[in-house]
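Construct the complete structure from the given sequences, taking the supplied hints into account.
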Amino acid sequence: MDKIQLTEHLWLSPIIHGHMRINDWNLSPQGLLSLTNQLVEKGISSFDHANIYDNYTCEKHFGDALRMQPGLRSQIEIITKCGIELVSEKYPDRKLKIYDYRYENIMTSVEQSLKNLNTDSIDLLLLHRPAPFWNPAEISKAFDHLFRDGKVTHFGVSNFTKDQFETLQQFCNHSLVTNQLEISPYCLEHFDNGNLDFCLKHKIKPMAWSPLSGSEIFHPRTAKGIRLVPVLEKIKDEISAKGIDGVIYAWLLKHPTQILPIVGSGNLDRIQVAIDAFTLDMNLEQWYEIYNASKGAELP
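Read in the working numbering, the sequence shown has 31 at position 31, and its numbers run on one by one without any break.
Possibly wrong hints are sitting among the right ones.
As the list claims (entries may be wrong) - Derived EDC-like pairs (lysine to aspartate or glutamate); straight-line CA-CA distance at most 16 Å:
#, residue 1, residue 2
1, 236, 276
2, 295, 285
3, 236, 289
4, 254, 285
5, 90, 54
6, 60, 120
7, 236, 281
8, 242, 276
9, 3, 123
10, 236, 285
11, 141, 104
12, 141, 100
13, 151, 111
14, 234, 289
15, 162, 197
16, 3, 41
17, 242, 281
18, 242, 269
FYI, nobody ran anything at the bench for these hints, they're computed from the structure.
In structure tokens, the structure reads:
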């Protein structure tokens, strides 16, 4: 798989390995290191984190693995997020979950992530969710200082609308290079709200979190899921995919925004399904069959 260029100096693997559930894989640091090396060999070199994942523990788990092989850091790209402050026994003074994009909090969060991840710099820092209370000027100040100090080299957002993206970009001296969004056949929100059109217009390559919609696609409980599964099964046979997850990855990869799906599995066979999706030939009618099944109607 060829890497995808986001900027002159930032290239990411076309599949991102997501670490939100890293602790569920029950891997020792050595086991996680082995998995990471195997992924790099397969062309997956970009790893997605957030400071809050699994009660602020996932970054450190990955950092412990990297500590065992320092040379691996130069072969990978680390993505992490900041801004959400959870109520946790780790922070006993907190009484309420909030979103905190004050300058001091961004700086403190990044310092902790650097320590957890056992690295001197983060390749891509994302603001985790848009906040009803935020000062883009403070965010820009934090970005400037983090970049100047070599602690973060690129910046982006997650779950932002196009208007929120544009607002922040107006204040920033650094280009926002991506928007990490929930995109899947089950979740068409960003086809409807203009986010993907905005990405096309500005040549922004979005990342897709939860591309398989959790367990809903495999164990449908809603009318939408029940509509989608037989269509996915039909197209699986037509394009010789190994499973309906391969069909979903092919559906995402076909979109001209060059969506980068985040695959959050510790199972190499499941990850290989995503890699194999690059070889699947899905035509436009098949793409729309899936889209229409999600909508529950044909195009007007």
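Hints, verified against the model:
Proposed proximity of residue 236 and residue 276 is supported: the alpha carbons are some 13 Å apart, at most 16 Å. With a CA separation close to 15 Å, the supplied pair residue 295 and residue 285 stays within the 16 Å bound. Between residue 236 and residue 289 the alpha-carbon distance is near 12 Å, which keeps this suggested pair within the 16 Å criterion. The hinted pair formed by residue 254 and residue 285 meets the criterion: a straight-line CA distance of about 12 Å does not exceed 16 Å.
With a CA separation close to 12 Å, the supplied pair residue 90 and residue 54 stays within the 16 Å bound. Between the alpha carbons of residue 60 and residue 120 the distance comes to roughly 14 Å, so the proposed pair stays at or under 16 Å and holds. Distance check on the hinted pair: residue 236 and residue 281 sit about 11 Å apart at the alpha-carbon level, within 16 Å; holds. Proposed proximity of residue 242 and residue 276 is supported: the alpha carbons are some 9 Å apart, at most 16 Å.
The straight-line distance between the Cα atoms of residue 3 and residue 123 is roughly 15 Å, inside the 16 Å bound, and the hint therefore holds. Between residue 236 and residue 285, the direct Cα distance comes to roughly 14 Å. Compliance with the 16 Å bound is thereby established for this hinted pair. Restraint check for residue 141 and residue 104: satisfied, since their Cα atoms lie roughly 10 Å apart, inside the 16 Å limit. Among the hinted pairs, residue 141 with residue 100 is consistent with the structure: their alpha-carbon atoms are about 15 Å apart, no more than 16 Å.
About 8 Å separates the Cα atoms of residue 151 and residue 111, which keeps this hinted pair within 16 Å; it holds. Restraint check: the Cα-Cα separation between residue 234 and residue 289 comes to about 10 Å, which is no more than 16 Å; the hinted pair holds. For the given pair, residue 162 sits about 9 Å from residue 197 by alpha-carbon distance, which is consistent with the 16 Å threshold. For the hint linking residue 3 to residue 41, the alpha-carbon distance of about 13 Å falls within 16 Å, and the restraint holds.
This hinted pair checks out: residue 242 and residue 281 have alpha carbons roughly 13 Å apart, not beyond 16 Å. For a cut-off of 16 Å, the pair hint linking residue 242 to residue 269 stands: about 11 Å separates their Cα positions.
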